Amino acid sequence: LVTPALEPAFRAKLIAAVDQPTWQVRFQADDDPHDVPIKDLALWGAFVRPSGGVWVVLAGGGVIVVDAVGIVEDQLVANSPLMGNFALPLRLVAGIVLQPPADRARGDRLLDRVLSQAGQVDRVVLENGDELTGTITSFDGATLRLKSDDNTWNLPLAKLASVLFNPILIDKPSPSGLRVVVGLQDGSRLTALSLVSQDKTARLKLVGGVEVSLPLASIVALQPLGGNVVYLSDLKPASYRHIPFLDLTWPYFADRSVQQTMLSAGGKLYLKGLGMHSPSRITYELDEAYQRFDVEVAIDAAAGRRGSVVFRVFTDDGTGAWQEQAASEIVRGGEPPGRLSADLSGARRISLLVDFSDRGDEQDHADWLNARLVRQ
Numbered sequence: 127l128v129t130p131a132l133e134p135a136f137r138a139k140l141i142a143a144v145d146q147p148t149w150q151v152r153f154q155a156d157d158d159p160h161d162v163p164i165k166d167l168a169l170w171g172a173f174v175r176p177s178g179g180v181w182v183v184l185a186g187g188g189v190i191v192v193d194a195v196g197i198v199e200d201q202l203v204a205n206s207p208l209m210g211n212f213a214l215p216l217r218l219v220a221g222i223v224l225q226p227p228a229d230r231a232r233g234d235r236l237l238d239r240v241l242s243q244a245g246q247v248d249r250v251v252l253e254n255g256d257e258l259t260g261t262i263t264s265f266d267g268a269t270l271r272l273k274s275d276d277n278t279w280n281l282p283l284a285k286l287a288s289v290l291f292n293p294i295l296i297d298k299p300s301p302s303g304l305r306v307v308v309g310l311q312d313g314s315r316l317t318a319l320s321l322v323s324q325d326k327t328a329r330l331k332l333v334g335g336v337e338v339s340l341p342l343a344s345i346v347a348l349q350p351l352g353g354n355v356v357y358l359s360d361l362k363p364a365s366y367r368h369i370p371f372l373d374l375t376w377p378y379f380a381d382r383s384v385q386q387t388m389l390s391a392g393g394k395l396y397l398k399g400l401g402m403h404s405p406s407r408i409t410y411e412l413d414e415a416y417q418r419f420d421v422e423v424a425i426d427a428a429a430g431r432r433g434s435v436v437f438r439v440f441t442d443d444g445t446g447a448w449q450e451q452a453a454s455e456i457v458r459g460g461e462p463p464g465r466l467s468a469d470l471s472g473a474r475r476i477s478l479l480v481d482f483s484d485r486g487d488e489q490d491h492a493d494w495l496n497a498r499l500v501r502q
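According to the numbering used here, numbering within the sequence shown proceeds without interruption in unit steps and concludes at 502.
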């Protein structure tokens, strides 16, 4: 499904990416090609979770699924079924997950842990859960050598669960401008500053300056950032309030569910959005003129068939007179995502509300999926 920022969605196949005269992607719908500028695209396709293999976790949040990995001097070298042999500067790598957990929630939390690693040392997590810290001096793909002040370990691959690199030595990119998150069929996710194709091969320039090539057909999702779509999860809210039904207070989470897992509903994975619990309200100041607010709403898949909420969207034109712009029917766990849109003409603030419905607030893990402002 191709979802342009302002035009109706349509189903089409990705057939090309070009950068002249503007950066755009070409889709084929029946016999009719459609060229869509990257800046005007909200989403194409659907992301999938990485499964199997080894996960190379990039400092910017991306993941590359590989078959084999090692370290040569200041480079991480790896082999991917999609990208072949490639190398990355270690300063762009947050860590390596050598034994990815089968449980999806554990996998999501592990990726977040790798990205939030603190301290000033390398950290090696063993398959039995023990952790060692020090400095990694070599890794040939079969044995990892870790040196501390009072010991040196030669650790065989079979005993390694994950490797977290010293965050002091990592360049955590803060990219700005137009870029696109590229999802691959093996669950890899890469942030590209440019994407062009020739014949059946796509060439990506990644954040950090690394260039990789892969089959165009392996791309299953594109989600641009920095264009005419602005995600609420990338903004700081003016206020947030949750009113506990009993005693437990729930915070909101940006780009995560309230269980701190990746947003998931209707059998699909979502990179962007807000996770909230009923009853709660979050408000954003609008720092520029926007044309529309669009969102898909659902109970997160982790709740199964439990949970029931109503989603509401309010706007204020600056006078303090809040107006309801959109509201869902009762949304229950296990139902596919529904869509809401709100006209933002003249709006200065926007509020998203989640109200409980059946059975109080039980399992009301509400997801605002791809909650986005569309520029005029």
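Don't read these hints as lab results, they were simulated from the structure.
Quick caveat, the model's predicted, so the values are computed rather than measured.
Note that beta-carbon positions come from the ideal geometry of N, C-alpha and C, so glycine has one too.
Heads up, some of the hints might be wrong.
[Said to hold, decoys possible] As a list, the in silico DSS-like pairs of lysine-lysine whose alpha-carbon atoms are at most 27 Å apart:
#  : residue 1 : residue 2
1  : Lys165    : Lys139
2  : Lys298    : Lys165
3  : Lys298    : Lys362
4  : Lys139    : Lys394
5  : Lys298    : Lys331
6  : Lys362    : Lys139
7  : Lys285    : Lys273
8  : Lys298    : Lys273
9  : Lys331    : Lys165
10 : Lys285    : Lys165
11 : Lys331    : Lys139
[As the list claims (entries may be wrong)] Distance windows between CB atoms, simulated:
#  : residue 1 : residue 2 : range
12 : Ala213    : Arg485    : 24 to 34 Å
13 : Arg239    : Ser300    : 13 to 23 Å
14 : Leu372    : Val336    : 25 to 35 Å
15 : Asp325    : Gly245    : 25 to 35 Å
16 : Trp279    : Pro159    : 24 to 34 Å
How the hints compare with the structure:
About 19 Å separates the Cα atoms of Lys165 and Lys139, which keeps this hinted pair within 27 Å; it holds. Straight-line distance between C-alpha atoms of Lys298 and Lys165 comes to about 24 Å, which keeps the hinted pair within the 27 Å bound. At most 27 Å may separate the alpha-carbon atoms for a hinted pair to count; Lys298 and Lys362 meet this at roughly 20 Å. The straight-line distance between the Cα atoms of Lys139 and Lys394 is roughly 18 Å, inside the 27 Å bound, and the hint therefore holds.
Using a Cα cut-off of 27 Å, the hinted pair Lys298 and Lys331 holds, with the two alpha carbons roughly 17 Å apart. Straight-line distance between C-alpha atoms of Lys362 and Lys139 comes to about 35 Å, which puts the hinted pair past the 27 Å bound. Our distance criterion of 27 Å between C-alpha atoms is met by Lys285 and Lys273, whose separation comes to about 17 Å. For a cut-off of 27 Å, the pair hint linking Lys298 to Lys273 stands: about 25 Å separates their Cα positions.
For the suggested pair Lys331 and Lys165, the alpha carbons sit about 17 Å apart, so the restraint of at most 27 Å is met. With a C-alpha separation of about 45 Å, the suggested pair Lys285 and Lys165 falls outside the 27 Å cut-off, and the hint is violated. Taking the CA atoms of Lys331 and Lys139, the gap is about 22 Å. The hint holds against a cut of 27 Å. Checking the proposed 24 to 34 Å range against Ala213 and Arg485 shows it is violated: the Cβ atoms sit about 53 Å from each other.
Under the hint 13 to 23 Å, the C-beta atoms of Arg239 and Ser300, about 21 Å apart, fit the expected range. Between Leu372 and Val336 the beta carbons are some 50 Å apart, a value that contradicts the proposed interval 25 to 35 Å. A beta carbon spacing of about 46 Å between Asp325 and Gly245 contradicts the range 25 to 35 Å that was offered as a hint. Hint check: Trp279 to Pro159, Cβ distance near 57 Å, so the stated range 24 to 34 Å is violated.
In summary, the structure is inconsistent with hints 6, 10, 12, 14, 15, 16 from the numbered list given earlier, while agreeing with the others.
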